[in-house]
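Heads up: the protein sequence lines correspond to chains S and Z, in order. Sequential numbering of the first sequence, starting at 0, is according to numbering that gives the first Met the number 0. Sequential numbering of the second sequence, starting at 0, is according to numbering that gives the first Met the number 0.
Because the hints were derived from the structure by calculation, they are not lab data. A hint or two may mislead.
[To be verified] Dumping the calculated DSS-like pairs for lysine-lysine here, alpha-carbon to alpha-carbon at most 25 Å:
1) Z:Lys155 / S:Lys247
2) Z:Lys155 / Z:Lys70
3) S:Lys8 / Z:Lys6
4) Z:Lys74 / Z:Lys176
5) Z:Lys85 / Z:Lys179
6) S:Lys247 / Z:Lys113
7) S:Lys417 / S:Lys428
8) Z:Lys85 / S:Lys242
9) S:Lys8 / Z:Lys70
10) Z:Lys109 / S:Lys247
11) S:Lys102 / Z:Lys109
[Stated by the list, open to error] Okay, the calculated bits of chain S under chain Z, using three or more residues with CB under 8 Å as the criterion:
12) 10-23
13) 95-102
Glycine is no exception: its CB is placed at the ideal position from the N, C-alpha and C atoms.
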Amino acid sequence: MRMIVRIAKTELQSLFYSPIAWFVLVIFTFQCGLAFMESFEAMVRRQVLEEAVLGVSSGLFEYGVLQSVLNSIYLYIPLLTMGLISRELNSGSVKLLYSSPVKSRQIVLGKFGAMMVFGFVLIAILGLFFITAFLTVENFEWLAVLNGVLGIYLLICVYAAIGLFMSCLMSYQVAVAVCTLALLAVLNFIGNVGQEIAFVREITYWLSMSGRANHFLQGLLSSDDVVYFFMVIVFFLTLSVMKLQSTKQSRPWYVQISRYGGVCLLVICCGYLSSRPLMKKYYDTTTIKKMTLTPASQEIIKGLDGALTITTYVNLMDYSYSDYALPRLVMMDMQRFEQYIRFKPETKLRYVYYYCDIPGQEISEKHLSLKERARKVAEAKGLDFSLFLSPEELREEVDLSSENYTFVRLLERENGNKTFLRVYNDLMKLPGEAEISAALKKLVGNSPKIAFLTGHGERDIERQMKRDYSFFTDNKNLREALINQGFDVMTLDLSVNERIPADICVLVIADMSSSLSPGEFQKIEHYVRTGGNVVLACEPGQQEIMNPLAELLGVSFKPGYIVARNREYLPNFIMGNITAEAQKLMPRLASMAARGGIVSVPGAVGLYYWGENLSTFISPIVAGEQNQYIPLLTSPASGSWNKLEKMNLLEDSLIINSRIGEQEKSNTLALAVSKKVGDKEQRAIVLGDADMWSNGELNTRRLGVSATNFSFITECFRWLVYEKAPVDVSRPLPVDNRIFFEFESLGWLNILFLGLFPVTLIAIGLRIWWLRVRR
Amino acid sequence: MKETIVKVEHLFHRYSAQWAVQDISFEINQRGVMGLLGSNGAGKSTTMNIICGVLNQTRGNVYIQGVELRKEPEKAKMHIGFLPQKAPLHLDLTVDEYLEHCAELRMVEKKKVKLAVEEAKARCGIAHFSKRLLRNLSGGYQQRVGIAQAIIHNPKFVVLDEPTNGLDPNQIVEVRKLIKEIAEERAVMLSTHILSEVQVTCERVMMIEKGHLFFSGTMEDFDNQIVPDTLVVMMEQAPSEQELLAIPGITRVIAVTAKKYRMFFDEDQQLVAQRFIETSVAKGWGLTEIAIERSSLDAIFAKLSGKEILG
């Protein structure tokens, strides 16, 4: 140990007596100061403007100082390491070491130790910013920031080990620095090498340094990353020791090669083992656990006992999505499930490649057979065609016709439960935590079932017409669709079903155009009276048909239709305001309402309900006093009323006919009803307009109208199924949202970090240099 | 019985395909300076590097104080001080800093480091340069620092690889003197390709050429190998060559100039010289100068390595 310390000490003396170390320190300090002050100033400024600043710590460090260091540290370290051994080789002073009772190991560790100390000095400079943030930021995320600093320090050590090794190889320092940079580039790039070959891809992907330090910066401490950095350091230090020994020893070439090969093999084996999911350990250093699955997702995974296989089916002819999991990108694709595998390490990821025409997709070069076209595509993409199954071979494994042969994953449990996880036609394309967790929840088997009544001209979940309900229910390519958010949807025809199945969670009856038969009515009445959850949606003109059902809930659809004065649209287009009660009942709607979001309602009837207006509405069969009514949407209080007479919406002028009882006032357009039935709380939603959930309305954009119909649907169903779906993947807000620092004092901080500190370092460096050269 | 300080057995070393050292064996078992003589590229530095553990031999064994260098390098190296051809200096350190570094590398006890540094400096005459940067010292003093680092741990065996190389004549004289002083307490091995250096400095000598050891012995043995020496004489009244050949012991006479002759002899040089002087006085040849001339280095190299003497 004494020898190592001695060598390190002399190395540090040489380092600090040379201008290069001081040069690096000054530039490093200045650069960090710049990055810190930039984010610090921006946040203080935003605070002055009373804008929200969320997650100050990560703003200052993860995206500020540490990111800036991460981006440039590879330039500094080679400058320091280039002379470590090469200087000794060049000057012949290495013979002093060789002829002394010193082991090669001690030489290498001594030199590396010096670089570790220098790394500490760099980290101490980061400490200045850490302390500043510690003193000024509310609930400073010090642990997460320290984790980031640890990442930077390990990275410095890795670069130093690599630089040290390169320094052993050559005596020309500039060549050493250049080669070190080249090797660092190789280590960043190697993750792309050999990705087409199954076993090689895991090794090269593990070898890649790219992104590793970022995990630390984000606050995640994973054993895989720590082992990686540690192994790389050990690897290059071992190579350095062997290189130094080899200059003193003459061994046959095959012995040399097998020694180097043995070390490589050992490191790769250790690395490979450490990257196995079962061996990985994680620690999320952030207070709000932002690098970990939400508790809801974790809970779902806990319920998934037994094996889980995720098979990704990639169709070569699926031009839109196939690239996500082609062989060369498989490792990257696997990373998308890393957080799930963290909690279920035995998860198996499979990839099946096939070719098949996609119904509806245009086929070019029709004169070629499918196989010929597929082969052409594979060649153009540089893929091995033998990897791809033919449509027949695929059919033997799985039937993907329901998924239209697009990119899809099949989640399969040991007990045989299966579900699809899809890609979506939006900007993000790939499923996020909400969708993956929803799919996994389906595997557990208790996803809420939503039944849509058919047989009376209701809105259909399979038809694609404007009035139908297929878009939000069964649209496989839509992220927000119920089937992709953990619901099961089905149709229910009461003429063939004896009774309403008990496992149905919500029954949707939307806009019947003909009345129910007495038998059917009885079945529904029984369902409602025994506490079944229900959605009733009416359209102007259908009140009579829908009212018998509505009255079961103590609600009635008013005669007539709601109109509103507006310049841009027809009078029957209403902007439904999300009520304060609704925002309380469905808190996620609050932020939308706050931003001016409304629900667009094209042609609605008003709703009477028990307690709203007893004088005009007393239902003979209602037990309404036990019900709790919460208006969800209302029409505007001024300029809107319930129109009782028919009119030509395009041509007639819009006047309030008070003679027949029309009165300018706000009307309820949607209503939540709840009631205690036995142990259960029955929940129902009554809509005065079936169109607000229709395919047509959900796909309509109106200028100046910020419609949030989709969120409204999602939140209604969330409430109806007692929050069992969609999976709640929302996270708490960061806790460090304030900087206690006066805007006026920013100038002083600038002077300190960008002036005083760097200048002091320059002065110390110059002083030392001056004192030494004169000796 | 004298203890064996260094023992080298059948040393071989090969750089890729070429043998640099072949079957060299010797022992050093007394104090004093041992000269390692050889022309450039003869294998001197390779041999020294191997003995000092800087280079690992292809074959053969080296024992330092009875410790096998290959098996226990750290233990063996504790007894070695080495000054390579180019002094292994850290030019950006001061003399003190550098020597402290060397002392610690050479396992001098922590408490005794300062003392060791002072002693080495005093011995090498650099005590007044303690705080000077090595970079700012002259070549001669840098070489002294180089020697100081080699003796700082008071080793039993010091190896100096061409220590006077690149020094000016005054510095050479000083360094040779220093080496002799150092050798009073330990065995010193000194390599050089300058014969006079060996003659002035060494008590024993080994000669290497093309990787082979040609000669190993005392300086006296070495000098004996240099016969035949010649007598060079200058006379005012020079006689004929026949008259000179008539003197017993003189075998051959070469006229260098009209007054100057080189004479070869086959008897004791003192005796022959005495006879010549007596004859010269008796016959009035007017002897003005007489000198014994020894063989040149080239000639010795050539002789010992089996080459013809040219010219």
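Hint check:
no.: 1; hint: Z:Lys155 / S:Lys247; in the structure: holds, 23 Å
no.: 2; hint: Z:Lys155 / Z:Lys70; in the structure: holds, 19 Å
no.: 3; hint: S:Lys8 / Z:Lys6; in the structure: violated, 35 Å
no.: 4; hint: Z:Lys74 / Z:Lys176; in the structure: violated, 30 Å
no.: 5; hint: Z:Lys85 / Z:Lys179; in the structure: holds, 20 Å
no.: 6; hint: S:Lys247 / Z:Lys113; in the structure: violated, 31 Å
no.: 7; hint: S:Lys417 / S:Lys428; in the structure: holds, 22 Å
no.: 8; hint: Z:Lys85 / S:Lys242; in the structure: holds, 22 Å
no.: 9; hint: S:Lys8 / Z:Lys70; in the structure: violated, 29 Å
no.: 10; hint: Z:Lys109 / S:Lys247; in the structure: violated, 28 Å
no.: 11; hint: S:Lys102 / Z:Lys109; in the structure: holds, 19 Å
no.: 12; hint: 10-23; in the structure: holds (count 4)
no.: 13; hint: 95-102; in the structure: holds (count 8)
Checked against the numbered hints given earlier, this structure breaks hints 3, 4, 6, 9 and 10; the rest are met.
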